[in-house]
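Protein chains in written order, with our numbering: chain A, 219 to 571; chain B, 219 to 571; chain C, 106 to 334; chain D, 106 to 334; chain E, 874 to 1104.
Just so you know, these hints were derived from the structure itself, not from any lab. One should not assume that every hint holds.
No more than 20 Å apart at the CA atoms, straight line, and that leaves these computed lysine to any residue pairs for SDA-like [what the hints assert, rightly or not]:
hint, chain 1, residue 1, chain 2, residue 2
1, B, Lys307, C, Leu253
2, B, Lys489, B, Glu551
3, A, Lys547, B, Met389
4, A, Lys506, B, Asn512
With the C-beta cut set under 8 Å, the calculated list includes, among others, these residues of chain C facing chain D [said to hold, decoys possible]:
hint, residue
5, Gln142
6, Ala148
7, Pro149
8, Leu158
9, Glu216
10, Ala261
11, Tyr289
12, Tyr319
Being a predicted model, the structure only gives us computed values, none of them experimental. The beta-carbon is built from N, C-alpha and C at its ideal position, and this holds for glycine as well.
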Amino acid sequence: MLHVDIELQRGDFRLQLAHQFAAHKVTAIFGPSGCGKSTLLRSIAGLEPGLRGTVCWQNNIWHAQERIVKTEQRGIALVFQQPHLFTTKTVEANLRYGMPRASVLKACAMQFEDIIELLSLQPFMQRKPAQLSGGQQQRVAIARALLSQPQLLLLDEPMNGLDQAAKSQIMADLKRIQQRFALPILLVSHHVDEVVQLADEVVIMREGKLLSTGTLQQQVGQLSLHDEGPLSVLSISPGDNNQKDGLLAWQLGQQTLWLPTTGLPANSDSKRLLVWARDVSLATGPLKNTSLNNQVRAQIVGFERAQHDAEMVVELAVGEQQLRALVTKASIERLNLRAGYCVYAAFKAAALH
Amino acid sequence: MLHVDIELQRGDFRLQLAHQFAAHKVTAIFGPSGCGKSTLLRSIAGLEPGLRGTVCWQNNIWHAQERIVKTEQRGIALVFQQPHLFTTKTVEANLRYGMPRASVLKACAMQFEDIIELLSLQPFMQRKPAQLSGGQQQRVAIARALLSQPQLLLLDEPMNGLDQAAKSQIMADLKRIQQRFALPILLVSHHVDEVVQLADEVVIMREGKLLSTGTLQQQVGQLSLHDEGPLSVLSISPGDNNQKDGLLAWQLGQQTLWLPTTGLPANSDSKRLLVWARDVSLATGPLKNTSLNNQVRAQIVGFERAQHDAEMVVELAVGEQQLRALVTKASIERLNLRAGYCVYAAFKAAALH
Amino acid sequence: MDSSDWQAVTLTLQLGGYTTLILLVIATPLAWWLARQRSWLSAPVQAIVALPLVLPPTVLGFYLLIWLGPEGFVGATLESLGLQHLAFSFEGILIGSILYSLPFAVQPLTESFRQISQGQLDVAATLGAGWWRRFWTIVVPSCQGGFLIAATLSFAHTLGEFGVILMLGGSIPGETQVLSVLIYDHAEAMNYQAAENLSLGLLLFSFVVLMAVYTWQKRPTGGARYVAR
Amino acid sequence: MDSSDWQAVTLTLQLGGYTTLILLVIATPLAWWLARQRSWLSAPVQAIVALPLVLPPTVLGFYLLIWLGPEGFVGATLESLGLQHLAFSFEGILIGSILYSLPFAVQPLTESFRQISQGQLDVAATLGAGWWRRFWTIVVPSCQGGFLIAATLSFAHTLGEFGVILMLGGSIPGETQVLSVLIYDHAEAMNYQAAENLSLGLLLFSFVVLMAVYTWQKRPTGGARYVAR
Amino acid sequence: AELTIAAASSYRPLLNHLAQQFEQRQQHQVRFVFGSSGKLATQIIRGAPFDLIFSANMAYLKALSDNDLLAGEVVTDGYGQLVLWSKSEAQLTAETDLVKLLQQQRVAIAQPKHAPFGQAAKGYLEQQHIYHQIQPNLVYSENVAQAVHMVHSGAADFGFVALSVIPLEQQSETRMYRIALENEALLRQAHAVLKSAKDKNLANEFSRFVQRQEFDEVKRHYGIEPERVKN
Ligand SMILES: Nc1ncnc2c1ncn2[C@@H]1O[C@H](COP(=O)(O)OP(=O)(O)OP(=O)(O)O)[C@@H](O)[C@H]1O
Ligand SMILES: Nc1ncnc2c1ncn2[C@@H]1O[C@H](COP(=O)(O)OP(=O)(O)OP(=O)(O)O)[C@@H](O)[C@H]1O
Ligand code: MOO
Ligand SMILES: [Mg+2]
Ligand SMILES: [Mg+2]
């Protein structure tokens, strides 16, 4: 549990926020460029001189008026916005820099070989950072942070400069590692997909202040304000474990969804389903003869303005949960959709986490 | 017209490619981390010592055995993977560094105030780079490059570290500027959405070599190999300019699509419609009572394996054009979809450019 | 202070100023070459530049006197060209000072040039800046500290040095008699008061100059501290 | 070379070695403070460090002689503690050399420390490296060049300097008569051949040492050239 | 035992010779610290561990005596010989017109402010009323030894130097002109035993040793005239 109540002035810019970050979870920090995300992470790491207020980590005071624990004693790792590799050292020396002694390492969360493998660093071990491409440097920075076996991991736009394949791979493994060791992570990211895939909690910042905080589900509306458009996150639980044609049955309240199986550990936990509103279509009755095989009954709760004037966001209730659909006003008229009516919502899930 | 036929050795890595880049167009350079994208841009810029081969720009030899034109005389601008701002200068001095003399500037493509405005740099003009956030630095780097009024713009992952809103805004304006002045751009990006939005041509690289090249439409299949899944790009032309409820009619071959109006200049050129295969659903007949109002008649051409075993990519012909749909095998069985059959494909467009 | 003292002061300032100026002009390209070219020659050149330091100044002065004098290689050549040889002349002590302070200018500059951000230089080139403009706008401001050290060390060392100058210059009032020689003469003559007065003046003046230079340098250059974000 | 020459050689190497070593130890924290703290004291301290340079060495030696001698502040204090005063002793000329070469160690190090990547230091701290570890693993390798310049300039300057040493040490064979003083003495005695032999030996030795140091430094540190990508 | 002797540079050749004799006969070590008289005096005042001082300048000996640092009498060894030394053959005589000779030439002289031979030379030129004509040609050195270097290097054409510091093999009469001074006392060469001497007996012994009659010829040989020279 990380408790932060800080204030910091840099020229005109003022960071001022109080928040209790959840232990053992991934908290995404989201906000426009220049709103103070990096400064927040650096403050937590103890790298911002002139910080006022308190930072507490699991009953240890890290920063208070009378007492400041040094960065190196906080047991954290921070992946900075730039890789900042040690230029005079080889990649291997960079990676080993933060690693505990071998005797301690045995029992550690992240094993050297696994991390090298995960980030595909094998071919570069003896190179100097200057001989790596941008993405390769970024991967070394991530690996270096993980290998220091932090109690708390701070990631500042860690996936910048990575290609999509590497990114997916790393995010999946990061999630796996995070869950296995209940590692608390603060993740700064501009990409909703990264946030959705990794985060449990979301903190949204604006101009150095907290705008809102909450679980991913609660915050989905806020994330929607960003350009990729409105979206919803549905909680689903494993069904009766019927597998058919490579599809797995999941329960969304009373209704059943068939989703492609995933590599995610098939434990009995419920999962999150990310659905972009633009991917949801509405029909007044169940559609036949279509490949849309996930159609759920839903009730129209209300309407919201969408970014484009010709469209509306339709708010739907599916059991207890909220689903958003982006449809044109023309369709609303044509289908005569009104609050309270029941409709069939068809969608393809964008991502299952 | 940029003609490149080069060879460069760096340790084990060998860049070796020959290609003729289209003049007046945006060419995206796409490929996994470490495949040599940055090295290619740097070679074109004349920043890689030891380069062999030829680089020609509109009948001027920039690099050949007997003759090397200096970087500063090539009239290019390169946005590097890191902002590399001039640390001792203010933001304003950074921006003005590459600008032509005021007298010349009048007639120039990019006006100082416009670019400041576009990248929202007004508040930072008198700051030093060290006092900017990562995203702000990146924006300064982009502005600085644009203001040098290049004949050829080389962008190396320029949108890294930018938030979604800024990114969309900048990309749209970049596209506008590009089209107005027929500015040739080489764009390195890991993001399919950036490529699709900006690029006319796509060059795909693998381990220092060309994997394939072609127009965006031709290359869409290749881009698909990346994680975000298969997609298609449809060319559409303006319809009879009927506007209804904020929707605009477009011709896709013989058929009509209704799409939300956009801020794009409504000239008579045809536009590109980006459709992710996972957003396309197929039905054996036209669907009624649904908000899916763009349903086009299409003929099944063939099937392709998809990333997930439970799914297939269905290749469709819509008039002359190709459309891809990602559906489950179960649906294919249920609907009895076979090559040659006619179906109705319903989709929401992801983006219109 | 009498008029010969004032003459010495002027001469000293001239010598210090010219030496520093010429050293910067010579040392800059040399340091650039040393910093940026990986030639097998770099190490020997760097070593040779530092060599004049290891000789006792009067001995160095003696050898210079021989070479620059009428019978020496340099002096004889000059005379055969109808010019003056360089012993006992301002030009001569200038050459001596330059040679003797060369490493103090070359070494800090070399190191400074090594630290330059190649990224910024590359960007500047793509923005159309040619070599000269890159040098003045990127290299000079980034290496401000290196230039300053080179200049202040050279200047201070030239003010204080007298062994080479005394031998090579012959301490001719108004021509080669610099302040350090004058102070030395006073001290040697057990004229402690005069020596002390001049020394104090020299110290005070140097302190003011150095203070000014270092204070000016302290102007924040952007707070390296925060680039890390 | 006779035995007194050898004595001088040993003494010189000792003096040069100790001076360089002690200078690095003193200059490092001082330079760190100067580079990283923005105090109003920095400029005056930096100026004061450079001041010994502007005095003629013998005059500086004269003042040191007064302070370190039996009647001087330092010497008298030492004697009142039952110790020896420092004039005409090895310890004395060591102090003189240190003081006189201080700016050559402090200034390049200060500049070197200013150039350190704060980003790398911050990363190292987050990886659990305390001050010492950061210093040895990040600062020292990045400032290798600065340390090298500091060391070579100090060493070379100590080898060649003799004004301070002559005055303060009295050129006593085996105790304070270093090589530069000996060479000076030989030259003074018009023993040109001996002076030349010793000079050549000193030059050769210094050249070899400096060459070795600079060659070692030349080992590629990663080719700053390519960081730009 | 060991003697540490501080001596002016003009004493160097003579003392080296005498010390050799002394060492052979007495089995004692003698080591020298040569320097300018002023520097040596300063060092002695500040506690330099010297046993004897040989000085070419009485003023410094007086300063030492005023500071109560001398253990005994000041002993005169003789008188230095000022010569005008040329870098090439010159056939100098008393009739030579110095002004004409030194025209357009560089003339090295030890700094008159503190070096006795320099003082003597300056005095001589003034007394001949040619100082003003010659002054622009003068270049100054730290001491007579350096003045010799300047001539030796070829950079200076002439030098007013002490006979004692000219290398014996170059003391050809064709290259030098002995200058007869009005007041030889100016170049009085003298020594004294210091209070700081560790072994006063030994120091006194050396003092007596150099006063022996048998060394008069040696002194003269090395450029120090034990007797007043009568012209
Ligand atoms: N010395 C300074 N003077 C004035 N403003 C400063 C200074 N240092 C930082 N700032 C401002 O502080 C704000 C927060 O910076 P920070 O790096 O935390 O932003 P961020 O949220 O990480 O942005 P990005 O997403 O672009 O990385 C920025 O608006 C920046 O301009
Ligand atoms: N000196 C060197 N020795 C060996 N390999 C090198 C050297 N310099 C660069 N490389 C390799 O060259 C390849 C191309 O690098 P480049 O920076 O062009 O990649 P990129 O395509 O831009 O990657 P990214 O998307 O990660 O920025 C990389 O695999 C890199 O490891
Ligand atoms: O006693 Mo000297 O050698 O004229 O300075
Ligand atoms: Mg940031
Ligand atoms: Mg790259």
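These are the hints, each one checked on the structure:
1. Pair hint Lys307 (chain B) plus Leu253 (chain C) holds up; C-alpha atoms about 19 Å apart against a cutoff of 20 Å.
2. A threshold of 20 Å between alpha carbons decides the hint, and for Lys489 (chain B) with Glu551 (chain B) the separation of about 35 Å lies outside it, so the pair is violated.
3. As the CA atoms of Lys547 (chain A) and Met389 (chain B) are separated by approximately 28 Å, the hinted pair breaks the 20 Å bound.
4. Between Lys506 (chain A) and Asn512 (chain B) the alpha-carbon distance is near 17 Å, which keeps this suggested pair within the 20 Å criterion.
5. For Gln142 (chain C), the interface hint is violated, since its Cβ never comes within 8 Å of a Cβ in chain D; the closest pair sits about 11 Å apart.
6. For Ala148 (chain C), the interface hint holds, since its Cβ comes within 8 Å of a Cβ in chain D; the closest pair sits about 4 Å apart.
7. Hint status for Pro149 (chain C) relative to chain D: holds, with the closest Cβ pair at about 6 Å, below 8 Å.
8. With a cut of 8 Å, the hint placing Leu158 (chain C) at the interface with chain D holds, because the nearest CB-to-CB distance is about 4 Å.
9. Interface hint status for Glu216 (chain C): upheld, as the beta-carbon distance to the closest one in chain D is roughly 4 Å, under 8 Å.
10. The beta carbon of Ala261 (chain C) comes within 4 Å of a beta carbon in chain D, closer than 8 Å, and the hint placing it at the interface holds.
11. With a cut of 8 Å, the hint placing Tyr289 (chain C) at the interface with chain D holds, because the nearest CB-to-CB distance is about 5 Å.
12. The beta carbon of Tyr319 (chain C) comes within 4 Å of a beta carbon in chain D, closer than 8 Å, and the hint placing it at the interface holds.
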